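Numbering (numbering that gives the first Met the number 0), first residue to last: 0 to 232.
Because the hints were derived from the structure by calculation, they are not lab data.
Model, not experiment: these values are computed from the prediction.
Worth double-checking, as some hints may not be accurate.
[As the list claims (entries may be wrong)] Mimicking BS3-like on lysine-lysine, the simulated pairs with C-alpha atoms at most 25 angstroms apart in a straight line are:
(1) Lys144 to Lys227
(2) Lys88 to Lys227
(3) Lys26 to Lys227
(4) Lys88 to Lys26
(5) Lys144 to Lys232
(6) Lys13 to Lys88
(7) Lys26 to Lys90
(8) Lys158 to Lys144
(9) Lys26 to Lys13
(10) Lys88 to Lys232
(11) Lys227 to Lys90
(12) Lys144 to Lys26
(13) Lys144 to Lys13
(14) Lys98 to Lys144
(15) Lys227 to Lys158
[Stated by the list, open to error] So the derived label-pair ranges between C-beta atoms look like this:
(16) Phe124 to Ser41: 35 to 41 angstroms
(17) Ile181 to Thr62: 31 to 37 angstroms
(18) Leu230 to Leu61: 36 to 42 angstroms
Idealized CB from N, CA, C, for every residue including glycine.
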Amino acid sequence: MVDEANLSSYQLAKRSLLKGVNLEFIKGIIIYFIVYFLVSNSIQNNLKFIPFPSSNFFVIFLTAYAFICIPSYIYYSILIIAIRSSEEKSKIVLPDLSKILQKAWRLFLSCNIVFVFVLLGLICFIVPGLILLKRYIYVPIITEKEESLGLIDILRRSKALSEINGWVSLRAGMYLFAVSLIGIYLVGFTAMIFNPSFNADNIPWFAQLPLNLVSFTAYFSIAFFGYKDALNK
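Turn these sequences into a full structure, and let the hints guide you.
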């Protein structure tokens with residue numbers, strides 16, 4: 000028998016995945032995603048040509064990481080705004096560019112602080128990392144929505160809300176991750192039928208694009224819907 004928590008996680012994952020394949024929603028963000036996707040892929044592909052070891056490798060790598068972060072966090076901000084406005088206003092409404100850049104900067108700071116915490120937790124026998132990931136799962140949504148909060152208050156707010164349903168949202172993310180792996184496997188298996196020498200590095204961009212678009216939307220939707228559910232309890 001499926002317990003209530005797992006059922007809630009399944010329903011949250013399903014709701015978020017449906018958001019990721021909602022054609023009306025996709026039409027509102029597709030241009031932004033394509034620009035982000037092509038710019039990020041171009042930078043990442045150029046990283047392959049950096050010689051390692053090299054005296055300049057880490058300087059070049061960190062510089063490239065910074066350039067990857069710029070389109071990434073701008074797109075993440077646009078995506079979160081789009082999810083929130085489509086749910087609260089029934090249509091996607093984006094602020095002007097300066098506002099988006101401000102939100103992207105705040106998101107970059109808060110998410111990278113969480114990344115460091117979670118990474119250190121995962122190094123410490125994995126379980127502490129999962130606990131921290133649950134604790135700060137709502138940081139991206141709080142950062143975008145509750146603009147009056149500082150970084151420390153954002154972390155505290157996420158911790159408080161995650162006590163309500165953080166594990167439900169984390170399990171939903173794990174379910175979605177499993178679905179993503181199945182999708183990647185099916186793409187790879189289909190490609191191998193036509194090309195036995197196929198490997199993961201050869202997945203064409205037009206196959207990666209829809210997978211990434213759906214998965215990014217669904218993952219951020221889990222955080223958004225989980226955040227809203229926590230507020231309503």
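Going down the list of hints, with the structure as the test:
With a C-alpha separation of about 11 angstroms, the suggested pairing of Lys144 with Lys227 holds against the 25 angstroms cut-off. Note on Lys88 and Lys227: the hinted pairing holds, with a Cα-Cα distance of about 15 angstroms set against a maximum of 25 angstroms. Restraint check for Lys26 and Lys227: satisfied, since their Cα atoms lie roughly 24 angstroms apart, inside the 25 angstroms limit. The suggested pairing of Lys88 with Lys26 holds, with an alpha-carbon distance near 16 angstroms, which does not exceed 25 angstroms.
This hinted pair checks out: Lys144 and Lys232 have alpha carbons roughly 18 angstroms apart, not beyond 25 angstroms. As the CA atoms of Lys13 and Lys88 are separated by approximately 22 angstroms, the hinted pair is consistent with the 25 angstroms bound. With a CA separation close to 11 angstroms, the supplied pair Lys26 and Lys90 stays within the 25 angstroms bound. Distance hint between Lys158 and Lys144 is fulfilled; the C-alpha atoms sit about 16 angstroms from each other, no more than 25 angstroms.
Using a Cα cut-off of 25 angstroms, the hinted pair Lys26 and Lys13 holds, with the two alpha carbons roughly 20 angstroms apart. Restraint check: the Cα-Cα separation between Lys88 and Lys232 comes to about 22 angstroms, which is no more than 25 angstroms; the hinted pair holds. Proposed proximity of Lys227 and Lys90 is supported: the alpha carbons are some 18 angstroms apart, at most 25 angstroms. Simply put, Lys144 and Lys26 have alpha-carbon atoms about 23 angstroms apart, close enough for the 25 angstroms limit, and the pair holds.
Only pairs whose Cα atoms come within 25 angstroms are accepted, and Lys144 paired with Lys13 is accepted, the gap being roughly 23 angstroms. Note on Lys98 and Lys144: the hinted pairing holds, with a Cα-Cα distance of about 12 angstroms set against a maximum of 25 angstroms. For the proposed pair Lys227 and Lys158, the alpha carbon gap of about 14 angstroms is at most 25 angstroms, so the pair holds. At about 38 angstroms, the CB distance of Phe124 to Ser41 agrees with the hint of 35 to 41 angstroms.
With their beta carbons about 36 angstroms apart, Ile181 and Thr62 fall inside the hinted range of 31 to 37 angstroms. Distance hint for Leu230 and Leu61: a CB-CB separation of about 38 angstroms, consistent with the stated range 36 to 42 angstroms.
In terms of the numbered hints stated before, the structure departs from none.
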